[in-house]
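Spelled out from the first residue to the last, the chains are:
There are 2 protein chains.
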Amino acid sequence: MTHLVAIGGSDAGISAALRARELDPTVEVTVVVADAYPNYSICGIPYFFSGDVKPWQSLAHRTHADLEATGMRLRLDTLATSIDVAGQRLTVRDSTGAESQIAYDELVVGTGALPAYAGIAGLEQLTPNDGVHVIHSMGDTFALEKHLTERDPKTAIIIGAGYVGLEMAEGFTGRGIHVTQLQRGPEVLSTLDPELASIVHTELVEHGVTVHTNTTVRAVEKTTTGLVVHAEHDGQPVTHTADLVLAVVGVRPNTSLLERAGATLGAGRAVVVDEQMRTGLPHVFAAGDGVTTHHRLLGLTYLPLGTTAHKQGRVAGENALGGAARFAGSVGTQVVKVFDVVAARTGLREHEAAAAGYHPTTTQTAADDHKRYYPGAQPISIRITGDTESGLLLGAQLVGRLGTETAKRVDTYATALFAGLTVEQISDLDLSYTPPLGSPWDAVQVASQAWSRTQTPTGVLA
Amino acid sequence: MTHLVAIGGSDAGISAALRARELDPTVEVTVVVADAYPNYSICGIPYFFSGDVKPWQSLAHRTHADLEATGMRLRLDTLATSIDVAGQRLTVRDSTGAESQIAYDELVVGTGALPAYAGIAGLEQLTPNDGVHVIHSMGDTFALEKHLTERDPKTAIIIGAGYVGLEMAEGFTGRGIHVTQLQRGPEVLSTLDPELASIVHTELVEHGVTVHTNTTVRAVEKTTTGLVVHAEHDGQPVTHTADLVLAVVGVRPNTSLLERAGATLGAGRAVVVDEQMRTGLPHVFAAGDGVTTHHRLLGLTYLPLGTTAHKQGRVAGENALGGAARFAGSVGTQVVKVFDVVAARTGLREHEAAAAGYHPTTTQTAADDHKRYYPGAQPISIRITGDTESGLLLGAQLVGRLGTETAKRVDTYATALFAGLTVEQISDLDLSYTPPLGSPWDAVQVASQAWSRTQTPTGVLA
Numbered sequence: 001m002t003h004l005v006a007i008g009g010s011d012a013g014i015s016a017a018l019r020a021r022e023l024d025p026t027v028e029v030t031v032v033v034a035d036a037y038p039n040y041s042i043c044g045i046p047y048f049f050s051g052d053v054k055p056w057q058s059l060a061h062r063t064h065a066d067l068e069a070t071g072m073r074l075r076l077d078t079l080a081t082s083i084d085v086a087g088q089r090l091t092v093r094d095s096t097g098a099e100s101q102i103a104y105d106e107l108v109v110g111t112g113a114l115p116a117y118a119g120i121a122g123l124e125q126l127t128p129n130d131g132v133h134v135i136h137s138m139g140d141t142f143a144l145e146k147h148l149t150e151r152d153p154k155t156a157i158i159i160g161a162g163y164v165g166l167e168m169a170e171g172f173t174g175r176g177i178h179v180t181q182l183q184r185g186p187e188v189l190s191t192l193d194p195e196l197a198s199i200v201h202t203e204l205v206e207h208g209v210t211v212h213t214n215t216t217v218r219a220v221e222k223t224t225t226g227l228v229v230h231a232e233h234d235g236q237p238v239t240h241t242a243d244l245v246l247a248v249v250g251v252r253p254n255t256s257l258l259e260r261a262g263a264t265l266g267a268g269r270a271v272v273v274d275e276q277m278r279t280g281l282p283h284v285f286a287a288g289d290g291v292t293t294h295h296r297l298l299g300l301t302y303l304p305l306g307t308t309a310h311k312q313g314r315v316a317g318e319n320a321l322g323g324a325a326r327f328a329g330s331v332g333t334q335v336v337k338v339f340d341v342v343a344a345r346t347g348l349r350e351h352e353a354a355a356a357g358y359h360p361t362t363t364q365t366a367a368d369d370h371k372r373y374y375p376g377a378q379p380i381s382i383r384i385t386g387d388t389e390s391g392l393l394l395g396a397q398l399v400g401r402l403g404t405e406t407a408k409r410v411d412t413y414a415t416a417l418f419a420g421l422t423v424e425q426i427s428d429l430d431l432s433y434t435p436p437l438g439s440p441w442d443a444v445q446v447a448s449q450a451w452s453r454t455q456t457p458t459g460v461l462a
Numbered sequence: 001m002t003h004l005v006a007i008g009g010s011d012a013g014i015s016a017a018l019r020a021r022e023l024d025p026t027v028e029v030t031v032v033v034a035d036a037y038p039n040y041s042i043c044g045i046p047y048f049f050s051g052d053v054k055p056w057q058s059l060a061h062r063t064h065a066d067l068e069a070t071g072m073r074l075r076l077d078t079l080a081t082s083i084d085v086a087g088q089r090l091t092v093r094d095s096t097g098a099e100s101q102i103a104y105d106e107l108v109v110g111t112g113a114l115p116a117y118a119g120i121a122g123l124e125q126l127t128p129n130d131g132v133h134v135i136h137s138m139g140d141t142f143a144l145e146k147h148l149t150e151r152d153p154k155t156a157i158i159i160g161a162g163y164v165g166l167e168m169a170e171g172f173t174g175r176g177i178h179v180t181q182l183q184r185g186p187e188v189l190s191t192l193d194p195e196l197a198s199i200v201h202t203e204l205v206e207h208g209v210t211v212h213t214n215t216t217v218r219a220v221e222k223t224t225t226g227l228v229v230h231a232e233h234d235g236q237p238v239t240h241t242a243d244l245v246l247a248v249v250g251v252r253p254n255t256s257l258l259e260r261a262g263a264t265l266g267a268g269r270a271v272v273v274d275e276q277m278r279t280g281l282p283h284v285f286a287a288g289d290g291v292t293t294h295h296r297l298l299g300l301t302y303l304p305l306g307t308t309a310h311k312q313g314r315v316a317g318e319n320a321l322g323g324a325a326r327f328a329g330s331v332g333t334q335v336v337k338v339f340d341v342v343a344a345r346t347g348l349r350e351h352e353a354a355a356a357g358y359h360p361t362t363t364q365t366a367a368d369d370h371k372r373y374y375p376g377a378q379p380i381s382i383r384i385t386g387d388t389e390s391g392l393l394l395g396a397q398l399v400g401r402l403g404t405e406t407a408k409r410v411d412t413y414a415t416a417l418f419a420g421l422t423v424e425q426i427s428d429l430d431l432s433y434t435p436p437l438g439s440p441w442d443a444v445q446v447a448s449q450a451w452s453r454t455q456t457p458t459g460v461l462a
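These protein sequence lines are chains Y and G, in that order. Just so we're aligned: the first sequence equals residues 1 to 462 in UniProt numbering. Just so we're aligned: the second sequence equals residues 1 to 462 in UniProt numbering.
Derived, one-sided and incomplete: chain Y residues facing chain G with beta-carbon distance under 10 Å:
no., residue
1, S15
2, L59
3, R296
4, V336
5, T406
6, A407
7, D428
8, P435
Read the hints as simulated data drawn from the structure, not as lab findings. Every residue, glycine too, gets a C-beta built ideally from N, C-alpha and C.
Chain Y extracted, bound-state conformation (with noise of 0.2 Å):
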């Protein structure tokens, strides 16, 4: 009987052991998770803040007993320390500190990743206890929250305007602190073109948010009187000061474990898998945010997230069994709600795309997401990538209010740079109509067709 060890709680190991489980349900799973929160939804989180989620333990994707049903066994609070390649066995610590073996027929690595510090002094020794925050794990949930029931701090400064950081931005918004948001960057949301991200900025401040663009954070500072950061804008230096911070500028991949035991790091300096997330340790598969990403666009590349997890988890689990699944890529969608909108992209910005070898060109439209006549139109701000000389669409960048249907919208696009449609392509695409939800041609095909426009002049057929 096969035994496949899953190390990670979180969407990769969780993925893969019941992908494992449904395909074969004699074969036998362990899943080694470092805390006592399994499949929890580190997504999740920021709502937790704003107290949309109530209690913490419905952040759960599924409960303990809901993973022990599928006949999968769980050791928590169960660290993985080192990996025996040669003689297929894994080396634990408990929460007791003690140490121990497993065994291993096939390995799943997902340890996931950890929040990057982007070398901000101060940041590492800083803790919770002095009011300095990240959040990727239920530990820093509980840390937070404590913090804020306890301490009831009345500003905060979020480092950091990316997905987590806007979510939290909103959280703390939500529970009456008032948020400084510092951005390195010119605009917030740096996944997007700033002319579309600068509708959520817009938002943000709408909202009470206090944005600062172009700041780059040097340190954080403990003095009697708050936290202080220093940093730098537009060259002068600058501090803001406040009872809480928060940094959410990125994450790096947690890859020691799979560093030790000789995997090869690449993209990212994350562990290298290949399309059926072999590591190339034999019997040791590796997936989520502790690995290269294949993206369908640019090749092998580092694009940690939770969507990807799962299908490469699976993907995982299928081929740990003798499988011969293949992970077919990520177009690198992702979507954010921030107060009422929602910022959602897909594939590739011009930039991304010229560096990658193509030649890209982008046009901005506004197309309303139902027909103007029918109550409570709303423009939906998209950008559109194409290849000049392919006509390939390359990506699709769109935002508009919650309600609007942009995050399914980004979807059909997504599915089009799967397929490897051109843009004139979208055009043909039979996409729903109803006047309260669409109009004749669909927002996604009125920007489109703007791209398309760009491409065939006037009397061309003349």
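With chain Y held as given, fit chain G onto it using these hints.
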């Protein structure tokens, strides 16, 4: 200088004219419109009756001035009575009865469809003055509105429970008119499987609509006490009485003009066109609800939809100027909002796929529109039809509450159908996820995985 003449002021004719002017601003374009209402949104008429759209003029996709600003000439209240194909001349009759001729270089015929009467006695003889209505034109719309405002009917019978019938049931109900809806088939919305259409049925009943299924209407009769509808229910004669009768039992292609000019009729007795929208008559193109529909899964069929008419008109307009555009084909994507429920479909249902030679099977799943821990999550019911031999996706049907992005989720399936993806590949799609708006495996993928599980028994890798 080319003179392009388009017949028909609705989607196909106007789209052809717009495309021609877009591609070549030197081309002379005349659009012959039978009434005074060019480019009106027929799909929007129910929302005029519900009171959502005011005034009726806002139902125009573009105003008369907008259209003329593109450089096209409109001949309103002008009926095209015959085509001299060899002489490239069109005979038209204006509202005074005077006939004249229009010479053309290229002709695009977009005469659309007419209401069907489904063999119901009295329907063609009784008029709006009698309280019996159809709604297909702005003239029909004004007649019905006049009835509603001047005679204040308390009760209405709607014959038919398709898209327009359901939308009108909502519209009448919103105005305080009690609706009795009579449907020939075993369930409302016969374009969906009854397992999902029943959700729409429940929504109608919960909003006070009386629904009678398995009810075949034989005749409509005007009596001194009101309008009497004679029907059969399970083989037994039944009668229903109301102040107003609205018949929405489908449409038939309006082909007489092209038939007399020598065009060939095909599927659904619509005019046969090729993928370039050529009728086979020299210099005569046709598009819209009057012509056969190229369907990517079925080949030639008849499936009149506004979205298709827009695309076909655009192709005809381009080709009339010497282009070689092709209508890429419909996949039959449709959506309707009925009160607070959204019902959508794309592709084929099981019996349609079987009739077309596929080997289909269908599964049904309910999957939340977003993570359950975030407030407001609602299940979307999804039926997936796939081919058991090739694994290809053949169709999807979805019913969800308003606000669940069901209308744009069907577009992901529609795009997958367009690209010829397998059901299994739906799981490979990189779809957007944020807890308030989706799940790591989107509902679209949860449903496709349920289908895949029926094809890959557990233990297959053991």
